[in-house]
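In order, the protein sequence lines correspond to chains A and B. Using our numbering, you'd call the opening residue of the first sequence number 1223 and step up by one each time. Using our numbering, you'd call the opening residue of the second sequence number 1223 and step up by one each time.
If you are wondering where the hints come from, they were derived from the structure by calculation, not from laboratory data. If you're wondering where the values come from, they're calculated on a predicted model, not measured in any experiment. Careful, some of the hints might be misleading.
One copy or two, either will do: identical chains are not told apart, so a pair holds if it fits within one copy or between any two.
Said to hold, decoys possible - Below are the DSS-like pairs computed for lysine-lysine, each with C-alpha atoms no more than 30 Å apart in a straight line:
1. LYS1419 to LYS1495
2. LYS1483 to LYS1495
3. LYS1344 to LYS1577
4. LYS1323 to LYS1461
Protein chains: 2
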Amino acid sequence: MPRPKNVVVAQSGGPTPVINSSLRGVVETCMAMPDVFGTVYAGLHGIEGVLKEELINMSAQPAEEIALLSTTPAAGAIGTCRYKLKAHQQEDFERVIEVFKAHDIGYFFYNGGNDSMDTANKIAKLAHERGLDLVATGVPKTIDNDVGDSEFKLIDHTPGYGSVARYWALNIQNANEENRGSCPSDPVLVIQAMGRKIGYIPAASRLADPDREMPLLIFMRESGLTLEALADRVNDTLKLHGRAIVVVSEGFDVGDIGERKDAFGHTMFSASKTSVGQVVVNYLNEVGLAARGSARGNIPGTDQRHSMIYASTVDLEEAYKVGQKAALIAAEDGNGYMSTILRQPGPIYNVYYDKVPLELVANSERTFPKHWITPDGTDVTDDFVRYARPLIGEDWPSVPLVGGLQRFARLKPVMAEKKLPPYELQAVREKK
Amino acid sequence: MPRPKNVVVAQSGGPTPVINSSLRGVVETCMAMPDVFGTVYAGLHGIEGVLKEELINMSAQPAEEIALLSTTPAAGAIGTCRYKLKAHQQEDFERVIEVFKAHDIGYFFYNGGNDSMDTANKIAKLAHERGLDLVATGVPKTIDNDVGDSEFKLIDHTPGYGSVARYWALNIQNANEENRGSCPSDPVLVIQAMGRKIGYIPAASRLADPDREMPLLIFMRESGLTLEALADRVNDTLKLHGRAIVVVSEGFDVGDIGERKDAFGHTMFSASKTSVGQVVVNYLNEVGLAARGSARGNIPGTDQRHSMIYASTVDLEEAYKVGQKAALIAAEDGNGYMSTILRQPGPIYNVYYDKVPLELVANSERTFPKHWITPDGTDVTDDFVRYARPLIGEDWPSVPLVGGLQRFARLKPVMAEKKLPPYELQAVREKK
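Input sequences plus hints: build the corresponding full structure.
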């Protein structure tokens, strides 16, 4: 019997609190099938690690550390990257194939969003052209919940979203305690939410208050409202309630904020010259509040995607299972699929795991359903709440503490032996 | 036997995750001594509620809600205020005495910082001049840990600080996972810490990494460093480690940020036109990083003082006990003291509770010990770590969830019957 082909797993893009739960799912499942899968490697910092032949041996790690991945947030364990393999830049793609051949890789798991599914698909195609029988499998991930299509046929929701939704539900509860306690002199708290193009994250604030008892206003990019309209709604709320909690998307249109772009050409809002939250605070303080005191702002930034204790237990489990399912698909169905989460119809939340072709995901686009935004543009509907509520779960996750600090997974630096000449990344060449 | 005098408890200034734990301590202890204390009222929104004769009847609340105060963050339950009773504005002081007389108040508990201890002291003095035998007792609170003196003789640390220290310890751990995972393209994360004048909060970041394994730089106001020096240290760290986590105090001197002031004349950093964190991010991106990618920034703002799950169990217990102690002092020692926490010498963390005269606290000032800042100005010493480490405790607090959401205390709106004509606050008069 031939030796089973080896495995590379890699992550791409922004992290989530549960990204490592999917990693654990892939690794443990591959290791449970030694007849199918050989050594499991992880690309250090995603595809960059593959290009640079920096492959961590996951099979050589202590089982305890692999288990601890589930409660280790963000991508610190194996790293991620924002390095884009450009279609016109054949060199990078050829290098990936070369590295895969050198290490007898037959399986490639790529954890990311639509862009990453496209990349995985292209790598698999080129591999086949170059005579490498590669099975490429996608594992979905984004906090933005923007993977798949708007009809939820390809995927119901993306792992990572449930946790950031829970972050917003619980943090708006906390913020409401401060706002209602401090309101005579400190009446407006503006909080900026992530989600550059799509409003699932700010929308999740509504989960803090499904009965609409708080003076909570949600300004998604999709509302199409102006800064003037925003200020009017805030002042209307101040007149009624004496206070307001204003959640605004980082993508809400306030004009020029001195944006910076990442390698994908996406705006990196937290690296901009100013922030939407700050612009909103300044505007409210300039036009004047219909109350004593000033508006103030919080920009939690990356905290919302790496605060482990806010992870949803439902999300943690689902992230593990899509990783597990990806390994099963690779073993049983072969090349070209992404594992997916689909919801069973009916009043009880229940999901099942399936596969969808990478190509369908790569060419899909999700938008926030228009009918989930209220007519005045400052709230989301009960249908959205019914969709999102189950994703945040019921309980706190068990995040182990040792010496008062979080005990995160720490992988041993056991790397695959390098077999190829060094390769210089385009981004490094550009920096010189 | 005469009917025991009634009680007013009130909160002042910015909240903490454990402020309500002290409130619970005062209320439960007073209610346990019905021979000494009559009905316990709370001023709605602090001294503003006293002036407006808006007094919540705490004795009429369900025991369950009072117990839940311990895991209810910030000041939502009874409210706080930033309303300053000005010494030259005799009218407000006279009104407080009038309200106290009307409701047969013999005990006044004031929860706050040095300013509030001063106010409590002045109210007690005027009460005595006006023939009201008032026992005023202070309950210490601030996240800044700036109550008392720099020799820790009046108080070792202030309730509230241990929880915000824990927030920073755990959040820097989380941020480090993201930063090390994303560093090739996203190498610098700047996080702005609260603490307008004093660096205990940014200093607590060191608790995340007592062994100094992370590329963590702490820029306190007290460092006296310039923005240029900051950028140099960041780039030195990038050259060594390829990444950096930069904690910067909101009070770090970066020049004009368009400050706004609160009623005390204190800068409200989160209401400023820009933020120190943003200025640092922009400066780093302008001078250029010694690495690929951009600097990005998080401004957690009020989140660090109202995120309940990050509260320290040690802080929660101590906050309760200083509230309890305040009630005991009022009953046994009479007027003019603040309850305090003092640390027993020796290697094992152990505290005891005592009293100090309000006047001493009112006239004291704490600064961050200079010898706890490292010579290069970007770190704190092991002595600081030994001081602060015990305050963050060992475990997660038990924050109850119902329906996936935090179950906070909800007081019934049972108010004392108004007995006086209405009174208009100065701030309201000014707004007109």
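Margin query: Treating 30 Å as the Cα threshold, decide for LYS1344 and LYS1577: within, between, both or neither.
Written below: within (18 Å within a copy, 72 Å between copies)
Margin query: For LYS1419 and LYS1495, with the copy left unspecified, which applies at a CA distance of at most 30 Å: within, between, both, or neither?
Written below: Classified as both; 19 Å inside a copy, 26 Å across copies.
Check: Is it within, between, both or neither when you check LYS1483 against LYS1495 at 30 Å Cα-Cα?
Finding: For LYS1483 and LYS1495, both the intra-copy (12 Å) and inter-copy (24 Å) Cα distances are at most 30 Å.
Check: Which holds for LYS1323 with LYS1461 at a C-alpha limit of 30 Å: within a copy, between copies, both or neither?
Finding: Neither, since 67 Å and 34 Å both go past 30 Å.
Checked against the numbered hints given earlier, this structure breaks only hint 4.
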